[in-house]
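*Asks:* In case you want the letters, here they are:
Number of protein chains: 8
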Amino acid sequence: MDAREIRNLLEAVRRRRLSPARALERLRHLPFEDLGFAKIDHHRSLRQGYAEVIFARGKTPTQVAAIVRQMLRASHSNVLITRADPSIFRAVRRLTRAARYYPLSGVIAIRRSKSITGKGLILVLSAGTSDIPIAEEARLTAELMGNRVAAIYDVGVAGLHRLLDHRRQLAEARVIVVVAGMEGALPSVVGGMVGVPVIAVPTSTGYGASFGGLAALLGMLNSCASNVSVVNIDNGFGAGCVASVINRLP
Amino acid sequence: MDAREIRNLLEAVRRRRLSPARALERLRHLPFEDLGFAKIDHHRSLRQGYAEVIFARGKTPTQVAAIVRQMLRASHSNVLITRADPSIFRAVRRLTRAARYYPLSGVIAIRRSKSITGKGLILVLSAGTSDIPIAEEARLTAELMGNRVAAIYDVGVAGLHRLLDHRRQLAEARVIVVVAGMEGALPSVVGGMVGVPVIAVPTSTGYGASFGGLAALLGMLNSCASNVSVVNIDNGFGAGCVASVINRLP
Amino acid sequence: MDAREIRNLLEAVRRRRLSPARALERLRHLPFEDLGFAKIDHHRSLRQGYAEVIFARGKTPTQVAAIVRQMLRASHSNVLITRADPSIFRAVRRLTRAARYYPLSGVIAIRRSKSITGKGLILVLSAGTSDIPIAEEARLTAELMGNRVAAIYDVGVAGLHRLLDHRRQLAEARVIVVVAGMEGALPSVVGGMVGVPVIAVPTSTGYGASFGGLAALLGMLNSCASNVSVVNIDNGFGAGCVASVINRLP
Amino acid sequence: MDAREIRNLLEAVRRRRLSPARALERLRHLPFEDLGFAKIDHHRSLRQGYAEVIFARGKTPTQVAAIVRQMLRASHSNVLITRADPSIFRAVRRLTRAARYYPLSGVIAIRRSKSITGKGLILVLSAGTSDIPIAEEARLTAELMGNRVAAIYDVGVAGLHRLLDHRRQLAEARVIVVVAGMEGALPSVVGGMVGVPVIAVPTSTGYGASFGGLAALLGMLNSCASNVSVVNIDNGFGAGCVASVINRLP
Amino acid sequence: MDAREIRNLLEAVRRRRLSPARALERLRHLPFEDLGFAKIDHHRSLRQGYAEVIFARGKTPTQVAAIVRQMLRASHSNVLITRADPSIFRAVRRLTRAARYYPLSGVIAIRRSKSITGKGLILVLSAGTSDIPIAEEARLTAELMGNRVAAIYDVGVAGLHRLLDHRRQLAEARVIVVVAGMEGALPSVVGGMVGVPVIAVPTSTGYGASFGGLAALLGMLNSCASNVSVVNIDNGFGAGCVASVINRLP
Amino acid sequence: MDAREIRNLLEAVRRRRLSPARALERLRHLPFEDLGFAKIDHHRSLRQGYAEVIFARGKTPTQVAAIVRQMLRASHSNVLITRADPSIFRAVRRLTRAARYYPLSGVIAIRRSKSITGKGLILVLSAGTSDIPIAEEARLTAELMGNRVAAIYDVGVAGLHRLLDHRRQLAEARVIVVVAGMEGALPSVVGGMVGVPVIAVPTSTGYGASFGGLAALLGMLNSCASNVSVVNIDNGFGAGCVASVINRLP
Amino acid sequence: MDAREIRNLLEAVRRRRLSPARALERLRHLPFEDLGFAKIDHHRSLRQGYAEVIFARGKTPTQVAAIVRQMLRASHSNVLITRADPSIFRAVRRLTRAARYYPLSGVIAIRRSKSITGKGLILVLSAGTSDIPIAEEARLTAELMGNRVAAIYDVGVAGLHRLLDHRRQLAEARVIVVVAGMEGALPSVVGGMVGVPVIAVPTSTGYGASFGGLAALLGMLNSCASNVSVVNIDNGFGAGCVASVINRLP
Amino acid sequence: MDAREIRNLLEAVRRRRLSPARALERLRHLPFEDLGFAKIDHHRSLRQGYAEVIFARGKTPTQVAAIVRQMLRASHSNVLITRADPSIFRAVRRLTRAARYYPLSGVIAIRRSKSITGKGLILVLSAGTSDIPIAEEARLTAELMGNRVAAIYDVGVAGLHRLLDHRRQLAEARVIVVVAGMEGALPSVVGGMVGVPVIAVPTSTGYGASFGGLAALLGMLNSCASNVSVVNIDNGFGAGCVASVINRLP
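Protein chains in written order, with the numbering used here: chain A, 1 to 250; chain B, 1 to 250; chain C, 1 to 250; chain D, 1 to 250; chain E, 1 to 250; chain F, 1 to 250; chain G, 1 to 250; chain H, 1 to 250.
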């Protein structure tokens, strides 16, 4: 496609409908806008089929609202705001009634499209109750990116029967996101039970030698199940994205 | 399927074709053999569609050969042996002429099935020449698991034009494996250029503050591209597996 | 007992069978011998019921043999030598025909007593084949300290059915030692299945983000099963000791 | 027992008192309830003889109270709530007058059973005054799990005479929990003085190169006393559990 | 110059215009003043051409004001105060109207000299919006030290087209400061595009395996572009200084 | 001395002025009191010539006051309270007018003895202004333990002339304490200039790759000056003690 | 320039001297050759004025020789081969008599151009004798890139007079590379003495808490001298490059 | 002294016995020689009373011999060569018959002066047998620097009675060096038993979570005994120096 656009442009130059100078200008021109403090790339959703996403931490309510306003104008995609506090939600809510806040995970969702583009079911598991906020971030991300999503929480490996009880649901999923803190063993166990991709998310829950999620992260990277790959500690959003990109594969 | 088997078994009990004691025995029976030093799970390839795999490091040539002999008898899957040295290859070669050794990556491949079960192309990229052994491990793993695979090496981010030159190939892949040591920046750049899953493999190449691949690993986990997930340092095999599992999704 | 000895001594002083000076000397006297390069504490086996133990790494065959000779003279306990290479075994073998070498784990065992002092069964599990050397060190240590010991190897969490198949044996053990490298998840799973103490031993097998066993160690320390405690990386000997001390409890 | 239940169930199928479909259902059914945010496993206390336990950190007073209410209904075990603040205590106190709060350690204890199931004495030692909160967590945990417990605090190794003064109490214990921050040397010294299991708990007290308890943790893992095993930093609860499991061994 | 001063002094001794005792005294005398809590080195700006700089964190408003007062008296250089909060600004503002506060980066600038001593343009790039505070610190530092400075923000590597769009500006710079958190890949990419020195500043933005900027720091140290050198995490001031020292080279 | 006491005791037994039972009791009796939450060892000051010391962090004002009251009664030593906040000072002040508070370093000093027992001058240096609190802790500790102490602050290595200016004072000291954060280079430079012991104290000042004082700590441990030894990060108290113990040597 | 080339190309299209298809092809065409195992970018020396460089570690003599042969054909630049062992030198020597080997630093230099393009003197300092190999790598790199270079070795901070003796040479340099292991303090001291850029290179010399150069690296990153920037541990080549890029600035 | 020399020089200038130019030259002249690869500072022994010392690791036998030859000519001090292998000893032995090799610790000692300058006894303790090489390095260093030295080995804290048995010797020492690997607890215990300075040396013995001596290092830095300071891992030489510097204090 890119190549075709350039060929058309070159064809226009050849037919003298476009001067070389302007062609050069267009070759350099890229479709993003500049708000001063953050460049919004409206084409990303075209290229990657993503919802528009804002990482709210470190941004003021005013800044987030400005970005959202631009997004709402420029496309009809869903908008996902992660790591948002109530003050940011209030600022966004003034822009649109469609905004909904999930305080547990700090997610704001603006649902504008209901089309399901994912091929199968994405299943989100969490090992403990304290992993639920990150699991919810993954669940909402995958949902807003156009997927059917189900979630099962509190199925850690020290009570194996809880997990085994959900065997059927595991078998139905096309992609599985597993969120776990502490020793991070759940992805290995789940990975050994299924034949589909497992995205592991370590969380920073725990204390002492958990070292802010390092223990879980290392555990997951060393998983002996070979269908497991890993994202950053507490990166529920990233896991939702990766799962979504996989689930969209034709 | 599992449920159905159990139902059949229960039906047999009900019809008194099977005593409760034997049913109990069968419920417990699981289909693996014991060689004393390693349990071979022949059903894994059924459950997960994998080739049979042996991690050779820490095993003697005799041990590896014994495992291979069992595998060759029990199924017709491809056999993949990773981290093997020439003495292991010699022991395996005596069992089958089909064994082929790739010294750069330490892989032994026994190709017995040519069927391609992967849906699309898996592309393997490496940032530097010293990352090639791990990239080859990924490439051979994916290939033996029934995929079309292509590879482009030495396209690190400090010479961006090299990578941009391969834009078309990037666009054709269904899954991309990116192998990089040092700063591990290539997966982020590639991730930003495509809309498909990117599996990042940090390598232990480099020196000093590379800390055995830690720098690359952390770089990849912190990737700002949201279609990137990560496997262990030097785990070309794992990346090939994950890519294969994704590529097999219907 | 200590108190009684001192009381006897004081009584002897009172009855003038012992001068204060000599009493003082005896109060200070402690029962160990000095070989110049290592103090052997023959009373340790009295106090703790241990076999005599030598950590051979960093000692020459001559040094180890000298220590063994003293031990053989001073008591009738079993002698356990860990981290020994064949040259050490040859030196020890010259002293006694009873010495037996286990090359996989580097253990030399001199069995002189067959009495079983442990109350129940100690079960040693290993997650992978490369964890077996450390598991064997634990098994032999526990055995030489007077316990019934059984071992099940290669029952990692990514193939859960392998472990579940041994459920009955798990239920029979009084103490369980679980040896695992990579993500170190097996102790958590086992801990959740039984009601007895589980001693977890991380191993330095694995590569990359295993960081010499750190991943497994952290995983085990963060175990969500509350009957799990941990010893040092690769410390099969320590795990065998702890299990033995527990199993000897009346 | 498990096997017997299944055999009974299979017998019922055979006698046609139970249809295969329902048997299948029952085989899958596991005895836990779902409160939405946390699964309570009432059978854990059956399987492991534990008190019911809630880790309160990260849970709201309302959530903790809901879990407690279920627990009080479902069994007559003691209930132990760790890492609780006063607001949680107030919520729990409304449910039962039996709840008692220990602010130093953040423990809430609901004592409902007075039976002592532990065989001997569990002794809890702390090295410094700042280790007392974690030591108290261990002490209360062991006590609520049905043990006789004694405690000696502030007996660090730089004032050895303090520890030696308690020699007799050390000799009386069946299991010893040693809580220490800073250099974590106390378990080694205690381990060398006794012949029973020592559970070491590193604490995050200290500053600078204590690195949040890492120094004490590493010190304990490297203990030269071979009857020492270790739990996570600040994990007084875990140490109390492990000690309790050991002390309950027949 | 130093040598000349000493020679003059020695000449004066020789001509008996200066006694040896006083000469000794002068040899020892160094040109700084002592405020009790901080030595101000007025000659530093002579030796290095720097603006006067105060690192405000950990100092009280009163202390900072006292240092500023001395600086204003002793020279006519610009004064740069980093890591300052509003209360410090209020204290400084009372001393001079020329003080200006940049709350985003915590910088207070007192501009007293407008001469441009830098030879070319210093360009400051940031990868993400959350890196802007540190980038601003670098920009203001370089500006107050007498340089022309330009800045381009939010040009991270996962949206490569954003960076490529600024190719011309990159080509115009004499020194480039690149500020990036997360994977810290931007300096490598920029370094590969230009032939001038690139000063890389890792930032502590990000979460999880960013480990407070460690990931970005290691990534930059392992850069495969050979014109990149690195300063401390969040050290925008240092990067501005280094860029300034380079840009001043004749 | 100890031996003599025991000999006297044994003599008393022999002369039947003391029964064996009571002698045993006295052998066990050690001279410390128990306040429940902290054992005060009044003999420590006898054994080591120390002032009485309380580490206040983690203790309530009431607890500290109770310990101080005991100390004031039991001896006439100076009392030093470190890491104290104003509320603790108020509680202590009520007990004695002699208490004085140094808010910068959080030290409370109760001076009761003016005798100088140290042989020479202890010199305390700090590299930067933010290291002064720790330097002050060292200075006050050494002073209360009976030493002449001098201090020179803000003489870091990047302005070498500042340090060289104090050469004479360096030459006069018998022990030198050097307090430095950031790169921790000052002890090496000072160590190379003098022939007396240098006690290095890393501080947690700095940011980014200072990692809470780790950089300074490692720098000091790797010092190429061979008269340098090191204490814990921010351990001004420890440095003051070590310097004092050295300075008291006859 | 780039823009001009593209404009020329577009002009050619317009004048129909070039078809759009071929123009497209040329737009994509980048000037590098592919040897299969390594892409050589001959234009890099054009873009950055570098010598051609090969990092030999991990490459066979045959591979290095093949790359060198291509380089000798394609340009007249100097060729620098780092981390080379004698077997590589022998292979390279067969291609050209101009190759010279520096065994201390493992550098092979092929000098083909004698033009000095650097503006001033680059001075290379080393703290200890064991840092000399890395310092030599920096020196040879800078020299082959067309600079006047001088070197002073063994001037560590614990013998300050050695360094002060070379004050004049320090004052003459335009860029200074400082190589130091252990505590890495030399760059701070040098940085405080001069007003030019200082490139700090930590080395992995030392032992124990040097942790493979980590101590020196952290020390340098925390330097209190504000003209210091840092490259990777043992990266003498990188420091030589950075110094060269700075020294070439007009 | 320094000041007097300069005053004399200035006086000479004044009396015109010395020209300013030559005086300048002499002010700059420092008394060391340059062998090309290492500067020998003969005055160090004057300034610090040290023996001449060579750190042999990384130097060739020829280089060490050349340095030794210079040292033997320039002074009559003892010469101490650390980390030397037999080939270095052979080269040194050719220069002087007085050279003696201690293979356990890798020390070569050339004794030329027998004067004892230390005031009291230096006592060297080691915790385990594998710590002896480092302890010997400390012992020989202290001895060659003119001290009476005694050593007690294998008195680790898990067998406390061994240490208590040597109480009298502990009481006689003026300075104590304590060498320990594993948990590094011995210095704390010893520190609590004596009132003199304790220099702690962590060793890299041990395995697993010893992390090359890190565990022992952290343990010692966190020592609760306040007369303990620490040197680098395995730095027996440094401990011997520090002890020597302390013991020489008048």
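Honestly, the hints are just simulated from the structure, not real lab data.
C-beta atoms are modelled at their ideal positions from N, C-alpha and C, and glycine is treated no differently.
Errors might be hidden in some of the hints.
[What the hints assert, rightly or not] Residues of chain B clear of chain D, computed beta-carbon distances all greater than 12 Å:
(1) Ala-12
(2) Ser-19
(3) Thr-60
(4) Thr-96
(5) Tyr-101
(6) Ser-115
(7) Thr-117
[As the list claims (entries may be wrong)] List time: in silico SDA-like cross-link candidates among lysine to any residue, alpha-carbon distance up to 25 Å:
(8) Lys-119/H with Ile-116/F
(9) Lys-119/B with Pro-250/A
(10) Lys-119/B with Leu-249/A
(11) Lys-119/H with Gly-195/H
(12) Lys-119/C with Ala-99/D
(13) Lys-114/D with Arg-162/D
(14) Lys-114/C with Ala-99/C
(15) Lys-114/B with Arg-162/B
*Asks:* Beyond 12 Å from every Cβ of chain D: is that where the Cβ of Thr-117/B lies?
*Replies:* Holds: least Cβ distance 32 Å, greater than 12 Å.
*Asks:* Does Arg-162/B lie within 25 Å of Lys-114/B when you go C-alpha to C-alpha?
*Replies:* violated (33 Å)
*Asks:* For Ser-115/B, which was marked as not at the interface, is the minimum beta-carbon distance to chain D over 12 Å?
*Replies:* holds (35 Å)
*Asks:* Mind checking the alpha carbons of Lys-114/C and Ala-99/C for me, to see if they're no more than 25 Å apart?
*Replies:* holds (15 Å)
*Asks:* Does Ser-19/B clear chain D by more than 12 Å, comparing its Cβ with all Cβ atoms of that chain?
*Replies:* violated (8 Å)
*Asks:* Just to be careful, I want the Cα atoms of Lys-119/B and Pro-250/A compared with a cutoff of 25 Å; is the pair within it?
*Replies:* Between Lys-119/B and Pro-250/A the Cα gap is close to 9 Å, so the pair holds against 25 Å.
*Asks:* Quick one, are Lys-119/B and Leu-249/A close enough, alpha carbons at most 25 Å?
*Replies:* Given pair Lys-119/B, Leu-249/A holds - Cα atoms ~10 Å apart, limit 25 Å.
*Asks:* Take the C-alpha atoms of Lys-119/H and Ile-116/F, compute the straight-line distance between them, and say whether it is at most 25 Å.
*Replies:* holds (21 Å)
*Asks:* Minimum Cβ separation between Ala-12/B and chain D greater than 12 Å?
*Replies:* At about 9 Å from chain D, Ala-12/B fails to clear the 12 Å cut-off, so the statement is violated.
*Asks:* Are the Cα positions of Lys-119/C and Ala-99/D separated by 25 Å at most?
*Replies:* Between Lys-119/C and Ala-99/D the Cα gap is close to 38 Å, so the pair fails against 25 Å, i.e. violated.
*Asks:* May I ask you to check that Thr-96/B keeps its beta-carbon over 12 Å from the closest beta-carbon of chain D?
*Replies:* It holds; Thr-96/B is separated from chain D by about 43 Å at its closest Cβ, greater than 12 Å.
*Asks:* Between Lys-114/D and Arg-162/D, does the CA-CA distance stay at or below 25 Å?
*Replies:* Outside the cut-off at roughly 33 Å; violated.
Comparing the model with each numbered hint stated earlier shows that hints 1, 2, 12, 13 and 15 do not hold.
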